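Colleague: Turn these sequences into a full structure, and let the hints steer you where they fit.
Protein chains: 2
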Amino acid sequence: MTLSPLAPKNISDTPSIEGVRFATGMAGIKYRDRTDVMLALFDKGTKVAGVFTRSKCPSAPVDWCRTQLKRGKARALVVNSGNANAFTGRTGTDAVRRVAAQAAQAAGISAPEIFLASTGVIGEPLDAAKFSGLFEKLVAQAAPNGLLAAAKAIMTTDTYPKVASAKARLGEAEISIAGMAKGAGMIAPDMATMLAFVFTDAPIEALPLQHMLKRGVESSFNAITVDGDTSTSDTLLLFATGAATAHGAPKITAPGDRRLKAFRTALDEVLRDLAFQVVKDGEGARKFVSITVEGATSKISAKKIARSIANSPLVKTAIAGEDANWGRIVMAVGKAGEPADRDRLAIWFGDIRVAHKGARDPSYDEEKVAAVMREPEITIRVDLGLGKGAATVFTCDLTKEYVAINGDYRS
Amino acid sequence: MTLSPLAPKNISDTPSIEGVRFATGMAGIKYRDRTDVMLALFDKGTKVAGVFTRSKCPSAPVDWCRTQLKRGKARALVVNSGNANAFTGRTGTDAVRRVAAQAAQAAGISAPEIFLASTGVIGEPLDAAKFSGLFEKLVAQAAPNGLLAAAKAIMTTDTYPKVASAKARLGEAEISIAGMAKGAGMIAPDMATMLAFVFTDAPIEALPLQHMLKRGVESSFNAITVDGDTSTSDTLLLFATGAATAHGAPKITAPGDRRLKAFRTALDEVLRDLAFQVVKDGEGARKFVSITVEGATSKISAKKIARSIANSPLVKTAIAGEDANWGRIVMAVGKAGEPADRDRLAIWFGDIRVAHKGARDPSYDEEKVAAVMREPEITIRVDLGLGKGAATVFTCDLTKEYVAINGDYRS
Chain A
518 MTLSPLAPKN ISDTPSIEGV RFATGMAGIK YRDRTDVMLA LFDKGTKVAG
568 VFTRSKCPSA PVDWCRTQLK RGKARALVVN SGNANAFTGR TGTDAVRRVA
618 AQAAQAAGIS APEIFLASTG VIGEPLDAAK FSGLFEKLVA QAAPNGLLAA
668 AKAIMTTDTY PKVASAKARL GEAEISIAGM AKGAGMIAPD MATMLAFVFT
718 DAPIEALPLQ HMLKRGVESS FNAITVDGDT STSDTLLLFA TGAATAHGAP
768 KITAPGDRRL KAFRTALDEV LRDLAFQVVK DGEGARKFVS ITVEGATSKI
818 SAKKIARSIA NSPLVKTAIA GEDANWGRIV MAVGKAGEPA DRDRLAIWFG
868 DIRVAHKGAR DPSYDEEKVA AVMREPEITI RVDLGLGKGA ATVFTCDLTK
918 EYVAINGDYR S
Chain B
518 MTLSPLAPKN ISDTPSIEGV RFATGMAGIK YRDRTDVMLA LFDKGTKVAG
568 VFTRSKCPSA PVDWCRTQLK RGKARALVVN SGNANAFTGR TGTDAVRRVA
618 AQAAQAAGIS APEIFLASTG VIGEPLDAAK FSGLFEKLVA QAAPNGLLAA
668 AKAIMTTDTY PKVASAKARL GEAEISIAGM AKGAGMIAPD MATMLAFVFT
718 DAPIEALPLQ HMLKRGVESS FNAITVDGDT STSDTLLLFA TGAATAHGAP
768 KITAPGDRRL KAFRTALDEV LRDLAFQVVK DGEGARKFVS ITVEGATSKI
818 SAKKIARSIA NSPLVKTAIA GEDANWGRIV MAVGKAGEPA DRDRLAIWFG
868 DIRVAHKGAR DPSYDEEKVA AVMREPEITI RVDLGLGKGA ATVFTCDLTK
918 EYVAINGDYR S
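Those protein sequences? They're chains A and B, same order as listed.
Note that the first sequence covers residues 518 to 928 in the working numbering.
Note that the second sequence covers residues 518 to 928 in the working numbering.
Note that these hints are calculated values from the structure, not bench results.
Since the model is a prediction, treat every value here as computed from it, not as a measurement.
Heads up, some of the hints might be wrong.
[Unchecked claim] Listed next, the in silico BS3-like pairs over lysine-lysine satisfying Cα-Cα at most 25 Å (straight line): (1) B:K684 with B:K821; (2) A:K816 with A:K917; (3) A:K590 with A:K768; (4) A:K821 with B:K821; (5) B:K821 with B:K874; (6) A:K917 with B:K684.
Modeller: Next up, the structure:
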């Protein structure tokens, strides 16, 4: 697997987060000679928030996490790659229970405080026996640094590990946020999983955490698409250890607390950074594309139209071919089923307006547009001229490599 | 452009339809050394029904046809390839009027009785002057045979012309139906047009025609998808000359007339034949795939789920790779947003059940499934186990050729 041309230039470990320790190991679930399990251990008092796939066929670990999340408390996170434990029936539910039980015993904690995620092939039973004896070693090894190594252990068709971090003030204290993600998400083929985990030492209760996560996800993970295929396993968890209380960080219990402003900005930044990295590692991706729709009748309508453009195979193949094919943008606006008026539409590639009032902009210079299309990052803007609704969606192009990667046989 | 491997073995002209005459010519709109305009002339008293794209950005000819259709009468049909006259603003509306006026004058009929369609690139102004003097020649040449030649004149990225015909009894008389279609429809890139025209000598009024067309389209053109991209120009018109009254066919005025049963069956057959030919000529298509969803809570729900499967890039690339990747079917069911219960799902490729009660069917033979996947025509069946709603959608695979064809520059 060659490195995505959109990969960050430097990939280095993030600063450690007080109250979190990481370890990785080899369970030999599918891959050979590489790590495929990561364990994160959290200090007592760690709070957790999470958002999950909207699929009606969620994986067994997603079911498990949804149940445990109600208590808002976490002591550990276990993630494996090589098998998604999705559509595995009762066997899958049993496997989740057995893995949690093994980890709980090794770490001396209770199973319901362990969060689980799996990524890999759908429909293959996950053999819990593969983890036998592994958690004892991982618990012994667990150390504050190691988020980058953990991000590597959960990779599937990813071409690089995805980590991000930020610092912010909370009251008078400086707090840290760090996170990781995997997998080109909805595009990941058999892997069918977008996973992201974010950690902070800020002392924030589960309720405000959940509020911020739900809000933050709208302009990050819920604003990206690679192929419109929503996975059975999408999981985003945010853990807050509260260790920063020792440095004077105030304990936050209410969602509306104004002291959260800087934290929220930093969290949004980390979520967006990770989400963009997922798009940039989309299978076969050569272009990173931002699609902004303005002038819609509502924000929701704008997002639907932006998604219709971002998921159109004709738009995506045109971008792969470096073709400023705005006719296909018109097509995708038209098919979205949302209010639109052909005769008010305006379309830009980069800063160049190519269409205006329902027809080609007579003044546009094809050469300048061609130069925009040759860039690795492209912005497309559509003004519907109807209202004030606006939204941006991020995607990548659709290349022959995508077809090659996903047309290969499972085994 | 190499012939689609799914093309019919024999392509021959259809029997002529009394009351319809065809002619084709070269306007040089975009292509050189090939016909790009077709004219059909209808005898006085011809009735017409039509269905059009649901796009919010319809082409100028679609706007025109919608307006003229209200009267239900037709004397001519003019179709050009090489330019879709879509998103061309006031220029486009003017071009439609001018082309209709030229044809009307040449044929000695009134412009509002002429139906127009255009297929080709979006956003380029259509130069009505290209048709200058052409219609006089076409009117002089028009002859009863020539539907196949007409089907060739409206091709764009099609690799073969698509015609179909059937006969049926109406009262004591035998009536004929013949039709043509072009363009792999919603997948057609810059061409962005699925056009189909059906002709009959049956004496049926516009109202019952419209009823039958709307019903027939649900299991034919509205049940196919190549890439989920709805065109700005989709047009399906049904013309009934009524010439069969001379052979004793009864005049039909009411939609519920029981004598229409055989006609309706024959019409549905022609619509389905043409629709399937469009899928089989989908860009880069190597496999024709029927996807049936049963056990849904309603027919509409079943169709939504079938479409979600049929439009999933991951499902389509797996089929291109001859991979019975049922995990991706689960994913596509899950993301459809319709009622589904993971633990009741069953999935078949051909006759082989691969998944059952929310998990892999332990008895399935991978070798036998692999043999099914190597066939050029593949059926996929999903039983949701919830209700009685069922629907079938027809699609093709997603190959590297699709990306190549659509990633090439417009010019």
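Colleague: Take the hints in turn and mark each one as holding or not.
Modeller: Comparing the hints with the structure gives:
no., hint, result
1, B:K684 with B:K821, "violated, 33 Å"
2, A:K816 with A:K917, "violated, 33 Å"
3, A:K590 with A:K768, "holds, 15 Å"
4, A:K821 with B:K821, "holds, 17 Å"
5, B:K821 with B:K874, "holds, 21 Å"
6, A:K917 with B:K684, "violated, 44 Å"
Consistency note: the structure conflicts with the earlier hints numbered 1, 2 and 6.
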